[in-house]
Amino acid sequence: MDHENEEDKQEEELEELPASEAREKVGEEKPGKGKSEEKEVKEEEEIEEDEEVSYPDTDELSISRMFGIGLRTLLITFLLTSVLYVLATTGIGNLAWQGPAQGNLVEHNDEVVGSRLIGQPFSSDKYFHPRPSSKNYDGMDSGSANLSPGNEKLARRSTELLERLEEEGVKPEEVPVSLVTESGSSLDPHIVPKSAYLQVPRVSEATGIDPERLRELIDDNTQNKFVGLYGLERVNVLSLNIEIEKILESG
Amino acid sequence: MFFGIILPLALFFLILAGLVYVLGEYLGWSFRKEMMVEEGFPGFFDYLERYFEKPILEPIERLIYRVTGIDPSITMNWKTYLLSALWLNLILFVFLYLIFLFQGGLPLNPAEIGNLDWDLAFHNAATFVSNTNQQHYAGETALSYFSQLGAVLLAMFASAATGIGLLLGFARGLTNEEDPRLGNFYVVFVKSLTRFLLPISFVLALFLISQGVPQTLAGPASVTTLEGATQTIARGPVATHEAIKMFGTNGGGFFAANAAHPFENPTPLSNVVLNLFLFLGTITNFYAFGIWVKKRRHGLVLVGAVSVLVLVFLAMAVGGELGGNPAFEGLGIDQSLGNMEGKEVRFGATLSALWGVSTTSTTNGGVNSMHDSFTAMGGLALFLGMSLNSLFAGVGTGVMNLLTYVFLAAFMGALMIGRAPVYLGKKLESDEIKFAAMIILLLPTLVLFPTGIAVVTNMGKEAITNPEFHGFSQVMYEFFSAGANNGSGLEGLMDDTVFYNIAGGMVILLARYIPLLLQMMIAGSLAKKNIRPETEGTLKVENVPFLVLLLVIMVIIGGLVFIPALSLGPIAELLSLW
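Chains as they are written, first to last, in numbering that gives the first Met the number 0: chain A, 0 to 250; chain B, 0 to 577.
Bear in mind the hints are in silico, worked out from the structure with no lab data behind them. Among the clues, some could well be false.
[Claimed, not checked] Which residues of chain A face chain B? A few of them, derived with a C-beta cut under 7 Å, are:
1. Asn-103
2. Ser-141
3. His-189
From a predicted model like this one, the values you see are computed outputs, not experimental measurements. Cβ coordinates follow ideal geometry from the N, Cα and C atoms, glycine included.
Please model the complete structure; the sequences and the hints are all you need to start from.
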């Protein structure tokens, strides 16, 4: 069993080195395997009585050792991720982008009236209305009613919404599909510009603001697609309604 | 058509390819010592070694080894390697279960949320420890901040690091010559955190805050609206969660609506970036795998084969979602935006379809729109991605899962040209092919049997909320998602019941750990074999014919088995509504 003794010696020598270097050494000493190696193995098999090829040794770990290392590794991971990563991100994030990090809260007359990113259930005639929401824009909940395309509830809800719009004098072909469908979060803060334009007559009648002025407001509050390619053109309903509130308050 | 669909999508994949190159090289370089591949990296990495790795990373890693008692000089055979990973995962599982069970009394609970029931706590622990992240709860009201940070976030990192850890051992099995030493699992686990997952998540999280994702430990904000009503708005440490959720192919949302929630994904830009990182967590593994086995082009062939399928599914989904809902045709409304039910205005149908296909072509499972409301064609595309075991699958496990198909392709390809089956110089024998076949048969077993049980029993059927064929799809999707460790759902299903929690949790655990066991057995078997030199007659794995062969094997062996079941769900829905 000369071969194995050699291996052992080698292992002893390598023990003091870091594992990576040790492996390199072993790797270097075993260059260019090929047919010659195969022959060697065969010869060994013939010489040695047991037909096993002798492989480099691996280390065994007892279960208690694996348990201990596993537990400590997880604790360190906890420290790195749940504590350090979170604290560092929270610290830097709040220093650099305090408003966004706290939820993009919007103030009007020194009072917080909502978050720019979370839709609200506007229903008064003097405000622009958002998309329908099965959660009624409850900020402590999210997710849609998950209606499938063929679900009758979906057709019924959209038909009812459309009838209400028709009572305001809106023609069906003017209504974009997004205004009679629920968003995925049911908290969508946006509507498409077309959905805002078709509400202008109602808002104008309720507030007395000139329709042309309202259309300008919509255009001012329209965000374009990202680099003109990604997403849809959209109007933030809360921002738009705050503008209306400002006009109403200034008389 | 061109500016609305093709250009944005083409640009997206172009940027993705660039990032795969950069981060793939980086990942390959990070583990060059474990894989004994020291050359061929771009010159930039010399600076990284001198100014980042030597002075910063290595001292930190040495400190971690000392504190945890990891001995980097220890090398493990496949059994010790796998057992180290399993023990770590078991401890994590118990830890998660206890936190979810007792979160009500733990700190960081400003919204005063109570404990989870035992069955939901079990499902949660199973789903997060296995990188699946299927959620049967609403994050706003069901989890305290301590659970989100101490349990969910920890598991998101640890499960992804486990994946990379096992992948490195597996890759060593392919490159070793008559050498059963696969390296040290703990070392790879730690290094995947310090080098790959943590720094990139950190940068991504900061970017997300700049886009409007909250990062605060303050409780929900209470506001008075212009109409005088009170609105309470859930928030929290979302950015840190969102970053690793996407990059670690986890997918479990901080909020119930996942990345459809404006606080998780506030702008089209954040959506595009998150979608890129959704892919990067796993595609970089394929690229780096090519580096580690010293066949860069082979890594690209693997990515290329899967990309063909992803593009086919993407075309189906974009076509379906932009086509709109036939049930609305009688209303006479403007459907030019496509099917907008369950979709956000800031994303629109195209980006929602892209995300839907991305998330089911990987094991991410996060959603930016509600899959339950997808059209039948779009929904079918989502099913198909998962039916091939989520294609790119997850961090670490993705390469191992795809290699199962690769073994079969190399085996059949070699038989077709009358040669002994060899992959990367290693002879494929009955053991390897047997284990590979078992892995492939596991998915249909774990998906179709529970689906069958669920649809013939009341405890399964009571959860269905949509009519007819789509109702069947809801149940089947639940187990597809669990079996492929994906985590998305047709969320109309009322799945927080003892039956779905236990059945789903079991499927998730079996689907994660049985393949890992078989894959490490394959690695152990291959490690002991010698590497045959490449000759004229060797089946090449770096060219287009192999890519085609792999595609055919995937579709025929992996995909066809699901066609009967899919015919009862999305295909029947397609034929009845369209």
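Structure-based check of each hint:
1. Asn-103: OK, holds: Asn-103/A within 7 Å of chain B, min 5 Å.
2. Ser-141: 4 Å, holds
3. His-189: 4 Å, holds
Going down the numbered hints, you'll see the structure goes against none, and every one checks out.
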